[in-house]
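**Student:** Spelled out from the first residue to the last, the chains are:
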Amino acid sequence: MSDNPLIAVGGLTKHFGGLTAVEDLGLDLFPGEILALIGPNGAGKTTTFNLIAGVFAPSAGSIMFGGARIDGLPVHRIASLGLMRTFQHNMPFAGMSLTDNILVGCHTRCDSRPLDILLGRRRVRDQEAAARRRAAELISFLGLQDRIDDHVSTLSFGEGRLLELARALAGQPRVILLDEPAAGLTQPEMARLGAAIRDIAARGIAVLLIEHDMHFLFPLAHRIVVLNFGRKIAEGEPDGIARDPEVIEAYLGEAVGGMAARQGHA
Amino acid sequence: MRGVRSTLVWLAAIVAASALAFWLGGYATDVYRKMLIWVALALSYNFLFGIVGQVAFSHFAFAGVGAYGVVILAHKLGMPFGAALVLALALCALLAFIVALPSTRLEGFYLALATLAFSQLVIVVISEGGDLTGGTGGIANYRLPSVFGYAIRGPWYTVLLVLLVAFTLWTLRRLDYSAFGRACRAIRDNAVAAAAMGVDVRRVKVQAFTLTSTLAGLAGIAYAYIDNVINPPVFGLENIFLLLFMVIVGGSGSHVGAIVGAVFLYLAPFVLEPIVGHGFLLVFGVLVVLTILFRPSGLAGLLNRRTARGTT
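If you read the sequences in order, they're chains A and B. Letter 32 of the first sequence, counting from 1, is numbered 32 in the working numbering, and no numbers are missing. Letter 202 of the second sequence, counting from 1, is numbered 202 in the working numbering, and no numbers are missing.
No wet-lab data here; the hints were simulated from the structure. Ideal placement from N, C-alpha and C gives every residue a C-beta, glycine not left out. You may find that some hints are simply not true.
[What the hints assert, rightly or not] Okay, the calculated beta carbon distance ranges per label pair:
1. A:Ala136 to B:Arg153: 49 to 57 angstroms
2. B:Pro102 to A:Pro219: 51 to 59 angstroms
3. B:Leu302 to A:Ala202: 45 to 53 angstroms
4. B:Phe294 to A:Ala183: 49 to 57 angstroms
5. A:Ala57 to B:Ile98: 55 to 63 angstroms
6. B:Arg105 to A:His89: 22 to 30 angstroms
7. B:Leu106 to A:His151: 43 to 51 angstroms
8. A:Ser59 to B:Arg173: 25 to 33 angstroms
9. B:Arg173 to A:His212: 20 to 28 angstroms
10. B:Pro145 to A:Asp149: 47 to 55 angstroms
11. B:Ile292 to A:Ala57: 38 to 46 angstroms
[Unchecked claim] Derived coverage of chain B by chain A (criterion: at least 3 residues anywhere in the stretch with Cβ under 8 angstroms from a Cβ of chain A; other residues may be distant):
12. 170 to 176
13. 186 to 199
Could you put the whole structure together from the sequences, leaning on the hints where they help?
**Tutor:** Below you can see the structure in the form of structure tokens.
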């Protein structure tokens, strides 16, 4: 991990009418780090994601990405700077093949100007070839080879989750936001996903994830930020978080906290 | 190898479709030519409706802008034909851009409403344009001028229409199988996810609308020299629904589907009308409902199943 955070959030606040979804939140995310956001439902985790990804503009505070402010920029601009995300619910492009879905993820790496395409410029062809190579690599990285030209409607739920991940990785992001990536997965699928996330971080990509499954999360995350009612109530390594009385009371509960702590030691 | 083979397929198709022009008689030529115009329009409308998922009702209005534009500029104002052609197309592109800019910003049916209003506006303008547009009677008594001493007449004009269809198909296919086309389909399927992948949704919508509307304008220009007559009803709202039917029955989102749908529904009345009279419209309506309910991939979907089974 380097010294400079890739994402630096400061004083982040979001009001929806009279409701404060996120309040004065600060967090840093470093290259190659796996940082988890946890907390009870309605704690502001997904809102935080949406603020960083540009779906909403913050009511106050700033979001820096690679040293430049990104708060207030539209979603597609933030994506093209190298910040990709997955969604809490699978959002495939349902009318397209698996490969084409992943190729959409390469959009920011391809010249999509109609005139350049019609003129058959060399750059367009080279980028297209590179995108197809990357898509093929990602498909084998996530073990989806057998489904290459299948319609996405035929994918299982778990395969759909992996597709979300592949699509987000296709654009070669520097930061990836994963919204409950393990939700609904079987144990073997979860193991596959965990290995993939470790591998992604090992390549230097910063990973920010929301997760409810603590068995999955505690051995995986480098650091955890706990939210409750829009405020950060704890931050630290999994071991410490699992023993934090405030976190246990607000979210983990005694039994899960104790279990997670044991797993953290293992 | 694949490149050579696909070039040969294109050439063979163009030659075959052109050869037909020299063999057909007077009435059949007229039917064939108008069918080619429908095919060109269905192809570009399919891109907008079936691939980008934008519901617009202005396709014939832009064909009208192209047709009236070129005829007024070349024959009423005496501009050189080449300049009139370019200017008429530029006018289509500019108007399409202006219509798309505010309406693609809004969600859902705003593009449909804006394009509906635009279509009505075009009809009013060409119907009330006085001497310049010829009013409700339209404009007649003009001819395609010779270009560099060559007069394109008879079957050679039909060949030109075949080339128009080929150019339209080539352009749209090339755009479809690219990052632009994938962005278009992504917007149709899930605009929120498309934006998260870095697709500038508004920009792509405006580009697609402008491009397809300009292609409609080009088809309109070609139409203007089939009978050397243009009048308002052709570019009105009635035809846009037939175009929509063609795309849906053929298989929304498929280029082959647009061609098959256009040929099928354009020729069907010639067979049906002697039997059921104007009842053929009812037949069309039932056909569209059945397609949407039971076979959303349309006639192209049937063809695909056939070939898929053939290869396994």
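**Student:** Under a C-beta cut-off of less than 8 angstroms, do 3 or more residues of the region 186 to 199 of chain B approach chain A closely enough to confirm the stated coverage?
**Tutor:** holds (count 12)
**Student:** Does the Cβ distance between Phe294 (chain B) and Ala183 (chain A) fall inside 49 to 57 angstroms?
**Tutor:** Since the Cβ atoms of Phe294 (chain B) and Ala183 (chain A) sit about 35 angstroms apart, the hinted range of 49 to 57 angstroms is violated.
**Student:** Can the suggested window of 47 to 55 angstroms be confirmed for the beta-carbon pair Pro145 (chain B) and Asp149 (chain A)?
**Tutor:** 50 angstroms, holds
**Student:** Mind checking the hinted window 25 to 33 angstroms against the Cβ distance between Ser59 (chain A) and Arg173 (chain B)?
**Tutor:** Violated - the Cβ-Cβ distance for Ser59 (chain A) and Arg173 (chain B), about 47 angstroms, lies outside 25 to 33 angstroms.
**Student:** Indicate whether the distance between the beta carbons of Arg105 (chain B) and His89 (chain A) respects the range 22 to 30 angstroms.
**Tutor:** Holds - the Cβ-Cβ distance for Arg105 (chain B) and His89 (chain A), about 26 angstroms, lies within 22 to 30 angstroms.
**Student:** A range of 51 to 59 angstroms was offered for this pair. Does it hold for the Cβ distance of Pro102 (chain B) and Pro219 (chain A)?
**Tutor:** Once the Cβ atoms are compared, 52 angstroms apart, the range 51 to 59 angstroms for Pro219 (chain A) and Pro102 (chain B) holds.
**Student:** Taking 49 to 57 angstroms as the stated bounds, is the beta-carbon spacing between Ala136 (chain A) and Arg153 (chain B) within them?
**Tutor:** Given range 49 to 57 angstroms: holds, Cβ gap about 53 angstroms.
**Student:** Could you check the hint for me, namely that Arg173 (chain B) and His212 (chain A) are 20 to 28 angstroms apart, CB to CB?
**Tutor:** 46 angstroms, violated
**Student:** Can you let me know if the beta-carbon spacing of Ile292 (chain B) and Ala57 (chain A) is within 38 to 46 angstroms?
**Tutor:** 40 angstroms, holds
**Student:** Verify the coverage statement for the region 170 to 176 of chain B against chain A, using a C-beta to C-beta distance below 8 angstroms and requiring 3 or more qualifying residues.
**Tutor:** Three-residue rule met by the region 170 to 176 of chain B, so holds; n is 3.
**Student:** A range of 55 to 63 angstroms was offered for this pair. Does it hold for the Cβ distance of Ala57 (chain A) and Ile98 (chain B)?
**Tutor:** Cβ of Ala57 (chain A) to Cβ of Ile98 (chain B): about 28 angstroms, so the range 55 to 63 angstroms is violated.
**Student:** Between Leu302 (chain B) and Ala202 (chain A), is the Cβ distance one that fits in 45 to 53 angstroms?
**Tutor:** Hint holds: Cβ distance 49 angstroms, inside 45 to 53 angstroms.
Violated hints, listed in ascending order, are 4, 5, 7, 8, 9; each of the other numbered hints is respected by the structure.
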